[in-house]
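Visitor: Sequence:
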Amino acid sequence: GALHLLHPQGALHLSRLARRHGPVLRLRAGGREVLVPSSVATIREALVRHWGDWLGRPHSYLGSLVSRGGRDLALGGPCPGWRRQRGAVRGALARAGGRLGPLLWLQGQNLCEELRSHGEAPLDPFEVFTFHTCSTIARLLFGELVPPPGELRAFSRCLGELLQVWGHSSVRVLDLLPLLRALPNPGLRKLLQLVQHRDTFVETQIQRHQVGRNPQHVSPLCQACPSPPPDTVLGALLGRNPGARGGPLSPPRLHMALVDLFIGGTETTAAALGWAVAFLLHRPELQARLRAELQGAQGPPGPGDVGRLPLLQATVSETLRLRPPAPLALPHCALRHTSLGGLPVAAGTVLVPNLLAAQQDPDIWQHPEVFLP
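For what it's worth, the numbering used here labels the leading residue of the sequence shown as 2, then goes sequentially.
Honestly, the hints are just simulated from the structure, not real lab data. Hints should not be assumed to be uniformly reliable.
Computed beta-carbon distance windows for the label pairs [as the list claims (entries may be wrong)]:
hint	residue 1	residue 2	range
1	Thr269	Thr205	21 to 31 Å
2	Arg290	Glu34	21 to 31 Å
3	Pro103	Gly342	24 to 34 Å
4	Leu181	His14	18 to 28 Å
For each residue, glycine too, the CB sits at the ideal point set by N, CA and C.
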(Lines of atoms letter the chains of each structure in order from A and count residues from 1; the text may use other names and numbers.)
(Lines give C-alpha, C1' and ligand atoms only; values in the text may rest on other atoms or scores of the structure.)
Protein backbone atom coordinates (compact mmCIF):
# COMPACT_ATOMS: atom_id res chain seq x y z
CA GLY A 1 0.00 0.00 0.00
CA ALA A 2 1.11 3.51 0.83
CA LEU A 3 3.10 2.68 3.96
CA HIS A 4 6.22 4.05 2.28
CA LEU A 5 4.57 7.49 2.44
CA LEU A 6 4.54 7.46 6.25
CA HIS A 7 6.44 10.47 7.51
CA PRO A 8 7.33 11.81 10.99
CA GLN A 9 5.45 15.02 10.11
CA GLY A 10 2.45 13.23 8.66
CA ALA A 11 0.03 16.13 8.28
CA LEU A 12 2.65 18.43 6.75
CA HIS A 13 3.85 15.74 4.34
CA LEU A 14 0.28 14.94 3.25
CA SER A 15 -0.40 18.67 2.81
CA ARG A 16 2.46 18.90 0.32
CA LEU A 17 1.16 15.85 -1.53
CA ALA A 18 -2.31 17.40 -1.68
CA ARG A 19 -0.96 20.59 -3.24
CA ARG A 20 0.70 18.46 -5.88
CA HIS A 21 -2.03 15.89 -6.56
CA GLY A 22 -5.32 17.50 -5.51
CA PRO A 23 -7.55 18.03 -2.45
CA VAL A 24 -8.47 14.34 -1.95
CA LEU A 25 -5.70 11.79 -1.50
CA ARG A 26 -6.52 8.09 -1.86
CA LEU A 27 -4.12 5.78 -0.01
CA ARG A 28 -3.97 2.17 1.08
CA ALA A 29 -2.73 1.41 4.58
CA GLY A 30 -2.87 -1.93 6.32
CA GLY A 31 -5.14 -3.38 3.66
CA ARG A 32 -7.73 -0.59 3.99
CA GLU A 33 -8.53 2.25 1.65
CA VAL A 34 -8.01 5.66 3.22
CA LEU A 35 -9.19 9.03 1.90
CA VAL A 36 -7.52 12.23 3.10
CA PRO A 37 -9.60 15.35 2.28
CA SER A 38 -7.29 18.35 2.47
CA SER A 39 -9.42 21.38 1.64
CA VAL A 40 -12.25 23.20 3.38
CA ALA A 41 -14.66 22.25 0.58
CA THR A 42 -13.94 18.51 0.65
CA ILE A 43 -13.93 18.29 4.46
CA ARG A 44 -17.22 20.19 4.59
CA GLU A 45 -18.68 17.92 1.90
CA ALA A 46 -17.84 14.81 3.92
CA LEU A 47 -18.54 15.91 7.48
CA VAL A 48 -21.34 18.45 6.95
CA ARG A 49 -23.26 17.66 3.78
CA HIS A 50 -22.82 13.87 4.00
CA TRP A 51 -22.25 13.59 7.73
CA GLY A 52 -24.58 10.62 8.06
CA ASP A 53 -22.42 8.59 5.68
CA TRP A 54 -19.31 9.04 7.84
CA LEU A 55 -20.63 8.40 11.35
CA GLY A 56 -18.60 5.23 11.83
CA ARG A 57 -15.18 4.78 13.38
CA PRO A 58 -12.74 2.21 11.98
CA HIS A 59 -11.78 -0.63 14.29
CA SER A 60 -8.32 -0.11 15.76
CA TYR A 61 -6.30 -2.62 17.75
CA LEU A 62 -4.61 0.13 19.77
CA GLY A 63 -7.79 2.16 20.06
CA SER A 64 -9.56 -0.84 21.53
CA LEU A 65 -6.78 -1.34 24.09
CA VAL A 66 -6.91 2.24 25.35
CA SER A 67 -10.72 2.66 25.27
CA ARG A 68 -11.97 -0.54 26.89
CA GLY A 69 -13.11 -1.97 23.61
CA GLY A 70 -14.27 1.29 21.99
CA ARG A 71 -16.53 2.35 24.87
CA ASP A 72 -15.49 5.99 24.74
CA LEU A 73 -16.93 8.99 22.93
CA ALA A 74 -13.98 9.71 20.65
CA LEU A 75 -13.32 6.23 19.27
CA GLY A 76 -16.70 4.57 19.72
CA GLY A 77 -19.17 3.90 16.92
CA PRO A 78 -22.80 5.06 16.62
CA CYS A 79 -24.45 2.33 18.72
CA PRO A 80 -27.23 2.87 21.32
CA GLY A 81 -24.72 2.80 24.20
CA TRP A 82 -22.58 5.46 22.53
CA ARG A 83 -25.59 7.71 21.88
CA ARG A 84 -26.73 7.37 25.50
CA GLN A 85 -23.20 8.14 26.67
CA ARG A 86 -22.98 11.24 24.49
CA GLY A 87 -26.36 12.53 25.67
CA ALA A 88 -25.51 11.93 29.32
CA VAL A 89 -22.18 13.76 29.05
CA ARG A 90 -23.73 16.72 27.22
CA GLY A 91 -26.40 17.00 29.91
CA ALA A 92 -23.84 16.76 32.72
CA LEU A 93 -21.66 19.45 31.13
CA ALA A 94 -24.70 21.70 30.78
CA ARG A 95 -25.56 21.24 34.47
CA ALA A 96 -21.99 22.04 35.52
CA GLY A 97 -21.57 24.85 32.98
CA GLY A 98 -22.49 27.59 35.45
CA ARG A 99 -19.28 26.88 37.36
CA LEU A 100 -17.02 27.13 34.32
CA GLY A 101 -16.56 30.91 34.11
CA PRO A 102 -15.55 31.48 37.76
CA LEU A 103 -13.48 28.30 37.67
CA LEU A 104 -11.50 29.44 34.62
CA TRP A 105 -10.96 32.81 36.28
CA LEU A 106 -9.60 31.18 39.44
CA GLN A 107 -7.39 28.72 37.55
CA GLY A 108 -6.06 31.53 35.36
CA GLN A 109 -4.97 33.41 38.47
CA ASN A 110 -3.28 30.28 39.83
CA LEU A 111 -1.48 29.80 36.51
CA CYS A 112 -0.19 33.38 36.52
CA GLU A 113 1.02 33.01 40.11
CA GLU A 114 2.98 29.86 39.26
CA LEU A 115 4.56 31.46 36.19
CA ARG A 116 5.57 34.52 38.23
CA SER A 117 7.02 32.29 40.96
CA HIS A 118 9.70 31.02 38.56
CA GLY A 119 11.11 34.52 38.15
CA GLU A 120 13.85 34.50 35.53
CA ALA A 121 14.59 30.80 35.95
CA PRO A 122 14.08 28.63 32.86
CA LEU A 123 10.91 26.53 32.76
CA ASP A 124 8.93 24.37 30.39
CA PRO A 125 5.66 26.32 29.91
CA PHE A 126 3.98 23.33 28.29
CA GLU A 127 4.30 21.29 31.49
CA VAL A 128 2.83 24.17 33.52
CA PHE A 129 -0.03 24.61 31.05
CA THR A 130 -0.72 20.87 31.06
CA PHE A 131 -0.99 20.72 34.84
CA HIS A 132 -3.28 23.74 35.18
CA THR A 133 -5.50 22.61 32.31
CA CYS A 134 -5.77 19.17 33.90
CA SER A 135 -6.53 20.82 37.24
CA THR A 136 -9.31 22.90 35.67
CA ILE A 137 -10.95 19.83 34.16
CA ALA A 138 -10.59 17.93 37.44
CA ARG A 139 -12.37 20.71 39.34
CA LEU A 140 -15.15 20.78 36.76
CA LEU A 141 -15.55 16.99 36.99
CA PHE A 142 -15.03 16.47 40.73
CA GLY A 143 -15.65 19.83 42.45
CA GLU A 144 -14.38 19.97 46.02
CA LEU A 145 -13.41 16.28 45.81
CA VAL A 146 -10.57 17.15 43.44
CA PRO A 147 -7.46 15.05 44.23
CA PRO A 148 -4.33 16.66 45.75
CA PRO A 149 -1.99 18.63 43.44
CA GLY A 150 0.68 15.92 43.59
CA GLU A 151 -1.71 13.27 42.29
CA LEU A 152 -3.01 15.62 39.60
CA ARG A 153 0.49 16.52 38.44
CA ALA A 154 1.44 12.85 38.16
CA PHE A 155 -1.79 12.15 36.28
CA SER A 156 -1.25 15.02 33.83
CA ARG A 157 2.25 13.70 33.11
CA CYS A 158 0.78 10.24 32.58
CA LEU A 159 -1.69 11.58 30.00
CA GLY A 160 1.03 13.41 28.09
CA GLU A 161 3.31 10.38 28.06
CA LEU A 162 0.44 8.09 27.06
CA LEU A 163 -0.34 10.17 23.97
CA GLN A 164 3.36 10.39 23.10
CA VAL A 165 3.88 6.61 23.34
CA TRP A 166 0.63 5.91 21.48
CA GLY A 167 1.80 8.08 18.60
CA HIS A 168 5.23 6.44 18.28
CA SER A 169 5.77 4.63 15.00
CA SER A 170 6.86 1.39 16.72
CA VAL A 171 3.46 1.27 18.40
CA ARG A 172 1.26 2.65 15.61
CA VAL A 173 2.56 0.03 13.20
CA LEU A 174 0.66 -2.62 15.19
CA ASP A 175 -2.58 -1.23 13.74
CA LEU A 176 -1.27 -1.67 10.20
CA LEU A 177 0.66 -4.95 10.42
CA PRO A 178 -1.17 -7.39 12.74
CA LEU A 179 1.60 -10.00 12.45
CA LEU A 180 3.88 -7.77 14.54
CA ARG A 181 1.55 -8.09 17.54
CA ALA A 182 3.02 -11.53 18.26
CA LEU A 183 6.48 -10.03 18.84
CA PRO A 184 7.71 -8.36 22.05
CA ASN A 185 7.13 -4.62 21.88
CA PRO A 186 8.54 -2.39 24.66
CA GLY A 187 6.47 0.55 23.42
CA LEU A 188 3.23 -1.41 23.70
CA ARG A 189 4.20 -2.62 27.17
CA LYS A 190 4.82 0.99 28.25
CA LEU A 191 1.49 2.06 26.73
CA LEU A 192 -0.41 -0.57 28.71
CA GLN A 193 1.34 0.52 31.92
CA LEU A 194 0.28 4.13 31.32
CA VAL A 195 -3.29 3.05 30.57
CA GLN A 196 -3.31 1.15 33.88
CA HIS A 197 -2.09 4.28 35.72
CA ARG A 198 -4.77 6.37 34.01
CA ASP A 199 -7.54 3.91 34.81
CA THR A 200 -6.51 3.54 38.46
CA PHE A 201 -6.67 7.31 38.93
CA VAL A 202 -10.10 7.66 37.30
CA GLU A 203 -11.54 4.64 39.11
CA THR A 204 -10.40 6.05 42.45
CA GLN A 205 -12.22 9.33 41.77
CA ILE A 206 -15.41 7.49 40.80
CA GLN A 207 -15.27 5.50 44.05
CA ARG A 208 -14.83 8.67 46.10
CA HIS A 209 -17.93 10.15 44.49
CA GLN A 210 -19.98 7.05 45.14
CA VAL A 211 -19.91 7.58 48.91
CA GLY A 212 -23.48 8.18 50.04
CA ARG A 213 -24.91 6.39 46.99
CA ASN A 214 -23.59 2.84 47.25
CA PRO A 215 -21.50 2.73 50.45
CA GLN A 216 -21.23 -1.06 50.38
CA HIS A 217 -19.25 -0.89 47.11
CA VAL A 218 -16.77 1.74 48.24
CA SER A 219 -13.26 1.21 49.57
CA PRO A 220 -12.86 1.91 53.34
CA LEU A 221 -10.24 4.52 52.42
CA CYS A 222 -12.99 6.59 50.81
CA GLN A 223 -15.50 6.48 53.67
CA ALA A 224 -14.43 9.82 55.13
CA CYS A 225 -15.28 11.72 51.93
CA PRO A 226 -18.44 13.87 51.80
CA SER A 227 -21.33 13.21 49.45
CA PRO A 228 -20.68 14.02 45.77
CA PRO A 229 -21.47 17.61 44.78
CA PRO A 230 -24.52 17.66 42.44
CA ASP A 231 -23.17 20.49 40.25
CA THR A 232 -20.10 18.56 39.07
CA VAL A 233 -19.95 16.53 35.89
CA LEU A 234 -19.31 13.26 37.72
CA GLY A 235 -21.97 14.05 40.32
CA ALA A 236 -24.48 14.65 37.52
CA LEU A 237 -23.53 11.42 35.75
CA LEU A 238 -23.77 9.37 38.94
CA GLY A 239 -27.07 11.01 39.84
CA ARG A 240 -28.60 10.28 36.46
CA ASN A 241 -32.23 9.27 36.94
CA PRO A 242 -32.61 5.50 36.43
CA GLY A 243 -35.95 6.22 34.78
CA ALA A 244 -34.40 8.58 32.23
CA ARG A 245 -34.07 7.49 28.65
CA GLY A 246 -31.53 4.69 28.59
CA GLY A 247 -30.98 4.83 32.36
CA PRO A 248 -27.58 5.39 34.01
CA LEU A 249 -24.35 4.74 32.16
CA SER A 250 -22.63 1.38 32.49
CA PRO A 251 -19.39 1.48 34.56
CA PRO A 252 -17.10 1.14 31.48
CA ARG A 253 -18.87 3.97 29.63
CA LEU A 254 -18.89 6.20 32.71
CA HIS A 255 -15.17 5.54 33.17
CA MET A 256 -14.29 6.24 29.53
CA ALA A 257 -16.45 9.38 29.42
CA LEU A 258 -14.26 10.89 32.15
CA VAL A 259 -11.10 9.73 30.36
CA ASP A 260 -12.30 11.43 27.16
CA LEU A 261 -12.95 14.71 28.96
CA PHE A 262 -9.46 14.67 30.46
CA ILE A 263 -7.61 13.69 27.28
CA GLY A 264 -9.75 15.82 24.97
CA GLY A 265 -9.31 18.93 27.10
CA THR A 266 -5.85 18.71 28.63
CA GLU A 267 -3.33 18.15 25.85
CA THR A 268 -5.23 20.16 23.24
CA THR A 269 -5.58 23.26 25.43
CA ALA A 270 -2.01 23.05 26.73
CA ALA A 271 -0.67 22.71 23.18
CA ALA A 272 -2.66 25.75 22.02
CA LEU A 273 -1.38 27.84 24.94
CA GLY A 274 2.18 26.72 24.27
CA TRP A 275 2.01 27.68 20.60
CA ALA A 276 0.40 31.03 21.45
CA VAL A 277 3.33 31.85 23.73
CA ALA A 278 5.81 30.75 21.06
CA PHE A 279 4.17 32.96 18.43
CA LEU A 280 3.88 35.98 20.74
CA LEU A 281 7.54 35.78 21.75
CA HIS A 282 8.38 36.85 18.20
CA ARG A 283 5.73 39.61 18.10
CA PRO A 284 6.45 42.11 20.94
CA GLU A 285 4.24 44.75 19.29
CA LEU A 286 1.31 42.31 19.38
CA GLN A 287 2.05 41.60 23.05
CA ALA A 288 1.76 45.33 23.76
CA ARG A 289 -1.58 45.58 21.92
CA LEU A 290 -2.96 42.58 23.80
CA ARG A 291 -1.83 44.05 27.12
CA ALA A 292 -3.51 47.35 26.27
CA GLU A 293 -6.74 45.54 25.36
CA LEU A 294 -6.71 43.57 28.62
CA GLN A 295 -6.04 46.75 30.62
CA GLY A 296 -8.57 48.81 28.67
CA ALA A 297 -10.66 51.77 29.76
CA GLN A 298 -13.42 49.49 31.07
CA GLY A 299 -11.09 47.91 33.60
CA PRO A 300 -9.71 44.38 33.88
CA PRO A 301 -11.97 41.85 32.13
CA GLY A 302 -14.01 39.32 34.08
CA PRO A 303 -15.08 35.76 33.26
CA GLY A 304 -17.87 36.90 30.93
CA ASP A 305 -16.04 39.68 29.09
CA VAL A 306 -14.45 37.73 26.23
CA GLY A 307 -16.79 39.46 23.78
CA ARG A 308 -15.06 42.80 24.33
CA LEU A 309 -11.59 41.39 23.62
CA PRO A 310 -11.52 41.04 19.81
CA LEU A 311 -7.72 40.98 19.49
CA LEU A 312 -7.46 38.21 22.08
CA GLN A 313 -10.10 36.20 20.24
CA ALA A 314 -8.28 36.75 16.94
CA THR A 315 -4.99 35.63 18.51
CA VAL A 316 -6.56 32.42 19.78
CA SER A 317 -8.21 31.74 16.42
CA GLU A 318 -4.99 32.36 14.49
CA THR A 319 -3.04 30.08 16.83
CA LEU A 320 -5.56 27.28 16.29
CA ARG A 321 -5.49 27.88 12.52
CA LEU A 322 -1.73 27.57 12.26
CA ARG A 323 -1.32 24.81 14.86
CA PRO A 324 -4.53 22.78 15.19
CA PRO A 325 -4.40 20.46 18.24
CA ALA A 326 -5.07 17.50 15.92
CA PRO A 327 -3.54 18.28 12.49
CA LEU A 328 -4.95 14.97 11.24
CA ALA A 329 -8.43 14.56 12.72
CA LEU A 330 -9.68 11.32 14.22
CA PRO A 331 -10.56 8.83 11.46
CA HIS A 332 -14.13 8.26 10.32
CA CYS A 333 -15.51 5.23 8.52
CA ALA A 334 -18.13 5.18 5.74
CA LEU A 335 -21.24 3.32 6.88
CA ARG A 336 -22.56 3.04 3.32
CA HIS A 337 -21.56 3.74 -0.27
CA THR A 338 -21.13 7.47 -0.84
CA SER A 339 -18.94 9.92 -2.79
CA LEU A 340 -16.35 12.59 -2.09
CA GLY A 341 -15.08 15.19 -4.52
CA GLY A 342 -16.78 13.35 -7.36
CA LEU A 343 -15.07 10.05 -6.47
CA PRO A 344 -17.19 6.98 -5.62
CA VAL A 345 -16.50 5.74 -2.10
CA ALA A 346 -17.23 2.20 -0.93
CA ALA A 347 -18.66 1.40 2.49
CA GLY A 348 -15.89 0.73 5.00
CA THR A 349 -13.52 3.33 3.54
CA VAL A 350 -11.60 5.30 6.17
CA LEU A 351 -11.63 9.11 6.13
CA VAL A 352 -8.83 11.13 7.79
CA PRO A 353 -9.40 14.90 7.39
CA ASN A 354 -6.19 16.91 7.08
CA LEU A 355 -7.10 20.01 9.09
CA LEU A 356 -3.60 21.47 8.80
CA ALA A 357 -3.82 21.52 5.00
CA ALA A 358 -7.32 23.02 5.01
CA GLN A 359 -6.38 25.75 7.48
CA GLN A 360 -3.24 26.73 5.55
CA ASP A 361 -4.75 26.62 2.08
CA PRO A 362 -2.98 29.23 -0.11
CA ASP A 363 -6.18 29.61 -2.14
CA ILE A 364 -7.90 31.06 0.95
CA TRP A 365 -5.13 32.83 2.90
CA GLN A 366 -2.69 35.22 1.25
CA HIS A 367 0.06 34.31 3.74
CA PRO A 368 -1.09 30.90 4.99
CA GLU A 369 1.97 30.11 7.13
CA VAL A 370 2.36 33.53 8.78
CA PHE A 371 0.94 34.37 12.22
CA LEU A 372 -1.38 37.32 11.48
CA PRO A 373 -4.24 37.66 14.01
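Visitor: So, for every hint listed, does it hold in this structure?
Guide: Right, here's what the structure says about each hint:
The hinted window of 21 to 31 Å between Thr269 and Thr205 holds, with their beta carbons roughly 24 Å apart. In this structure the supplied range 21 to 31 Å is violated for Arg290 paired with Glu34, their Cβ-Cβ distance being about 48 Å. Between Pro103 and Gly342 the beta carbon distance is about 46 Å. The supplied range of 24 to 34 Å is therefore violated. For the hinted restraint 18 to 28 Å between Leu181 and His14, the CB-CB distance of approximately 23 Å keeps it satisfied.
Hints 2 and 3 from the list above are not met by this structure, while the remaining hints are.
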